[in-house]
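Protein chains in written order, with my numbering: chain F, 1 to 182; chain A, 1 to 475.
Hints are computed from structural coordinates only; laboratory data are not their basis. Note that this is a predicted model, so its numbers are computed, not measured. Treat the hints with caution; some may be incorrect.
Claimed, not checked - Over 12 Å on every C-beta distance to chain F, these chain A residues come out as not near it, computed from the model:
no.	residue
1	V118
2	G190
3	M202
4	E267
5	P318
6	S357
7	K423
8	A431
9	S440
10	A447
Stated by the list, open to error - Partial chain A-side listing against chain F, Cβ under 10 Å, derived:
no.	residue
11	V16
12	I23
13	L24
14	Q66
15	Y105
16	C112
17	A122
18	F129
19	G131
20	P201
21	T203
22	T205
23	F429
Each residue gets a CB set at the ideal place from its N, CA and C atoms; glycine is no exception.
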Amino acid sequence: MNEYLFIMGMVAALFGGVVAAIARNLFHAALGLALTLAGTAVLFIPLGGELISVIQILVYLGAVAISILFILMLSPPFYLKRGQRNVLKLIVSVIITGIVAVPLMSAAMSVNAVGERAYSVPTVQQIGRVLLTDFVFPFEIMSVLLTVAIIGAIVIARDLPEDKQAPQAQAVETKRPEEVHA
Amino acid sequence: MDSGDFMGVLPELIVVVTALLAILADVASKGRNPSAAQGVTVLGLAVAAAVALISPSEQTMLMAGQLFNDGFSAWFRALFAVAGLATAIFSPLYLTHRKIRLGEYYSLLAMCVFGMMVMSAAANLLLFFVGLETMSIALYVLVSFRRDDAASVEGGLKYLVLGAFSSAFLLYGMALIYGGIGSLDYVAIGEALRQSDGIGPMTVTGIGLLLVGFAFKVSAVPFHFWSPDVYEGAPTTITAFMSTGAKAAAFVGLIRVFGVALILTSEHWTTALSVMAALTMTVGNFVALRQTSVKRMLAYSSIAHAGYLLVGIVAGTPQAFAAAGFYLIGYALMNLGAFGVLMLINQRGKGDYSFESLRGMGTVYPVLGLMMSVFMFSLIGIPPTAGFFGKLYVFSAAIEQGHLWLVIIGLLNSAVAAYYYLKVVSTMFMAKPEGDVAISQPFAYKAVLAISSLLIIVIGLFPDQLVTAMLRAVP
């Protein structure tokens with residue numbers, strides 16, 4: 001049972017990843033990404049990480065993937081334009097993927113993940129206790145991090161003052177939409 | 001958490017409170033009085049620096065082993081606060097002209113300092129990462145603060161995308177190291193490596209990814225592509241702050257992670273790191289040679305200086321780390337000073353930061369010219385300046401460990417660098433001034449420049465004190 005679940009998650013994650021990488025329509029790529037995230041969530045279950053699996057679904061599918069889709073739907077439909085494939089870029093990206101993939105493969109092959117767990121899987125209680133004892137300082141620092149992110153988001157999203165509705169900014173938008181919205 | 005823990009993180013607490021008060025001060029003055037937020041920030045960071053320097057005599061751990069409370073963290077927490085303070089003092093002259101709302105600017109600046117402090121004191125990879133992200137997110141926003149300027153927006157976007165990319169490398173590396181060694185704690189990692197014989201492929205891959213992530217953060221060649229554009233697009237105040245504070249914070253992290261926790265695995269990364277160091281010095285210098293903008297020249301030269309510092313990491317001894325610490329402090333003083341003079345001359349949007357904009361300014365403003373010369377001589381590494389002894393200590397530590405070829409490359413590069421630094425000095429003194437040369441010189445601004453140039457000379461005359469302090473402080 002566990003093995004089927006693992007293989008299912010693996011296939012979904014791989015297929016989604018390939019779609020996300022090669023789809024020419026950005027919206028399809030976003031859906032592929034969502035599938036990868038869902039597949040990864042499934043992978044955690046046979047490994048005993050039910051909590052991580054649930055968090056993955058809540059945070060990544062429920063929040064991140066949905067907001068990516070919303071951003072795409074609410075922005076001008078630049079994603080409908082399909083760029084030409086560039087063979088050179090394709091070759092370079094395959095090579096780089098290989099360079100990163102080979103050591104990762106060897107690292108993954110060096111441990112037998114299913115069945116033989118190197119470390120015991122912590123329970124929710126244990127994670128909660130550690131977060132509020134040993135790791136209480138990083139946990140609190142996260143709130144500073146979120147404050148910074150909120151202040152930063154406000155600064156970036158706020159309208160420019162009237163006299164600064166600058167021509168350059170407009171020019172950028174018409175010239176290179178994909179970079180401004182990316 | 002007892003009172004010792006509380007006292008230990010007092011500098012961080014002061015900086016966070018400062019950041020929040022800066023916004024409140026801006027709100028209280030209804031955004032009409034920009035010096036309110038600035039005053040709060042300068043005062044808060046000055047207090048934080050002073051508190052940080054009351055360093056503990058021996059190394060202790062804070063917050064259940066999450067933070068080092070040692071000399072190194074004391075020195076660098078003070079350095080980050082001082083770099084933030086100098087940036088805050090430089091800012092009004094640059095920003096007021098550009099009508100930038102300032103409350104959030106100063107607040108994010110202080111938050112950045114906070115993130116750097118956490119990075120320099122962190123005793124485990126998780127906390128280091130949280131500090132790094134706090135600093136980075138604040139910097140992404142600060143870089144794109146001139147939202148009416150296409151270069152600033154482009155710089156911010158590039159920094160965001162590549163910063164997130166490199167953070168992913170760091171995080172993946174940390175995860176694999178946790179998988180391979182079983183701990184995130186620096187001390188525990190070091191202990192586990194001492195007791196094991198050899199490391200598995202998982203740990204090796206993790207170390208490799210971690211190294212790439214750090215290389216991005218310190219903008220080492222070939223992972224430097226983001227930095228010239230980001231440094232050029234960012235408001236110049238932020239460029240000065242990034243090239244000193246953010247770089248120093250990443251280097252302190254590099255020393256703690258690679259120099260202490262992972263030092264027993266050095267056979268796996270010394271070669272990669274020394275090639276990176278040689279490339280970084282060379283590429284940074286040779287591209288800096290060709291720049292016509294002094295701002296961009298300083299951006300590339302900061303890549304070259306990262307290369308010199310990497311030589312110190314390659315050497316891998318406590319002496320070398322003390323030398324790197326010495327270098328980082330000296331470099332912060334001279335680079336902040338150089339950017340300070342550059343911004344003072346190009347104030348109110350009258351210059352374009354080109355060499356032309358400096359023409360003859362040394363003859364019109366001799367004191368300013370003299371201070372710029374001190375900064376440039378120190379950046380070259382001419383005695384008696386802090387820059388000379390920084391290089392001397394780093395290179396001699398590398399020679400002791402048998403990295404002679406790296407030192408030779410470093411020395412050749414220093415000679416190349418002399419050309420473009422001296423070009424600044426000669427443009428300031430030899431050329432005839434053109435057009436409107438009137439600039440305003442606020443007292444606090446000049447005071448910062450004067451103090452940093454004096455400190456560079458004093459450190460250059462009495463380097464022993466600082467290097468002894470660094471040797472005592474080194475982790």
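**Study point:** Enumerated hints in conflict with the structure, sorted upward
**Key:** 1, 3, 13 and 23
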